[in-house]
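Full structure from sequences and hints, please.
For the sequence shown, the numbering used here assigns the number 112 to the initial residue and increments by one for each residue that follows.
Everything labelled a hint here was simulated from the structure, so no lab data went into it. In this text the structure is predicted, and so the values were computed from the model without any measurement. Please note that the accuracy of each hint is not assured.
Between beta-carbon pairs, the in silico distance windows are [to be verified]:
id, residue 1, residue 2, range
1, Q162, Q123, 53 to 61 Å
2, E175, E148, 36 to 44 Å
3, R137, L116, 30 to 38 Å
4, A186, R160, 38 to 46 Å
5, C117, L157, 57 to 65 Å
6, G114, T141, 36 to 44 Å
The list that follows gives simulated cross-link-like pairs (lysine to any residue, SDA-like), each with its CA atoms no further than 20 Å apart [what the hints assert, rightly or not]:
id, residue 1, residue 2
7, K129, V118
8, K129, C117
9, K167, E151
10, K144, D128
11, K185, N168
12, K185, Q169
13, K129, A113
14, K126, V136
15, K158, N168
16, K185, E175
17, K144, H134
18, K129, A140
19, K176, R188
20, K144, E132
21, K176, E187
22, K144, R160
23, K167, L155
24, K185, L174
25, K167, H156
26, K158, T141
27, K158, L170
28, K129, T141
29, K176, K158
30, K126, R137
31, K158, L146
32, K167, E183
33, K185, V195
34, K167, K185
35, K185, F197
36, K144, K126
37, K144, R127
38, K126, L116
39, K176, L157
40, K167, Q178
By construction, the Cβ of each residue, glycine as well, lies at the ideal position given by its N, Cα and C atoms.
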Amino acid sequence: MAGLLCVFSLIQSRKRDKMNEQHNVRLSATVDKLLTESNERLQLHLKERMQALEDKNQLSLELEKLQRNLDEVKAERVSCFTDVNFLF
112 MAGLLCVFSL IQSRKRDKMN EQHNVRLSAT VDKLLTESNE RLQLHLKERM
162 QALEDKNQLS LELEKLQRNL DEVKAERVSC FTDVNFLF
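Below is the structure:
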């Protein structure tokens with residue numbers, strides 16, 4: 112009888128081990144899936160941020176160019192007014 116209980120206990124223990132192993136495999140797969148999805152979202156976010164930074168840099172360069180053009184036009188205007196005043 113004791114031997115039978117020992118065998119039954121061993122069978123139950125192996126079943127638990129197998130169930131635990133299957134559970135660990137499922138958990139590992141779930142964690143891998145979640146990490147992959149998180150990484151994809153982070154990569155997309157990084158790509159969007161990098162594009163926004165590039166756009167900002169382009170706009171800053173364009174603004175500097177426009178500011179220089181405006182300064183040149185203002186200087187020409189002053190020169191024209193000076194020339195007009197010189198003529199009169």
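Cross-check of the supplied hints:
no., hint, result
1, Q162 x Q123: 53 to 61 Å, "58 Å, holds"
2, E175 x E148: 36 to 44 Å, "41 Å, holds"
3, R137 x L116: 30 to 38 Å, "31 Å, holds"
4, A186 x R160: 38 to 46 Å, "39 Å, holds"
5, C117 x L157: 57 to 65 Å, "58 Å, holds"
6, G114 x T141: 36 to 44 Å, "41 Å, holds"
7, K129 x V118, "16 Å, holds"
8, K129 x C117, "18 Å, holds"
9, K167 x E151, "24 Å, violated"
10, K144 x D128, "24 Å, violated"
11, K185 x N168, "26 Å, violated"
12, K185 x Q169, "24 Å, violated"
13, K129 x A113, "24 Å, violated"
14, K126 x V136, "15 Å, holds"
15, K158 x N168, "15 Å, holds"
16, K185 x E175, "15 Å, holds"
17, K144 x H134, "15 Å, holds"
18, K129 x A140, "17 Å, holds"
19, K176 x R188, "18 Å, holds"
20, K144 x E132, "18 Å, holds"
21, K176 x E187, "17 Å, holds"
22, K144 x R160, "24 Å, violated"
23, K167 x L155, "18 Å, holds"
24, K185 x L174, "16 Å, holds"
25, K167 x H156, "16 Å, holds"
26, K158 x T141, "26 Å, violated"
27, K158 x L170, "18 Å, holds"
28, K129 x T141, "18 Å, holds"
29, K176 x K158, "27 Å, violated"
30, K126 x R137, "16 Å, holds"
31, K158 x L146, "18 Å, holds"
32, K167 x E183, "24 Å, violated"
33, K185 x V195, "15 Å, holds"
34, K167 x K185, "26 Å, violated"
35, K185 x F197, "18 Å, holds"
36, K144 x K126, "27 Å, violated"
37, K144 x R127, "25 Å, violated"
38, K126 x L116, "15 Å, holds"
39, K176 x L157, "29 Å, violated"
40, K167 x Q178, "16 Å, holds"
Going down the numbered hints, you'll see the structure goes against 9, 10, 11, 12, 13, 22, 26, 29, 32, 34, 36, 37 and 39, while the others check out.
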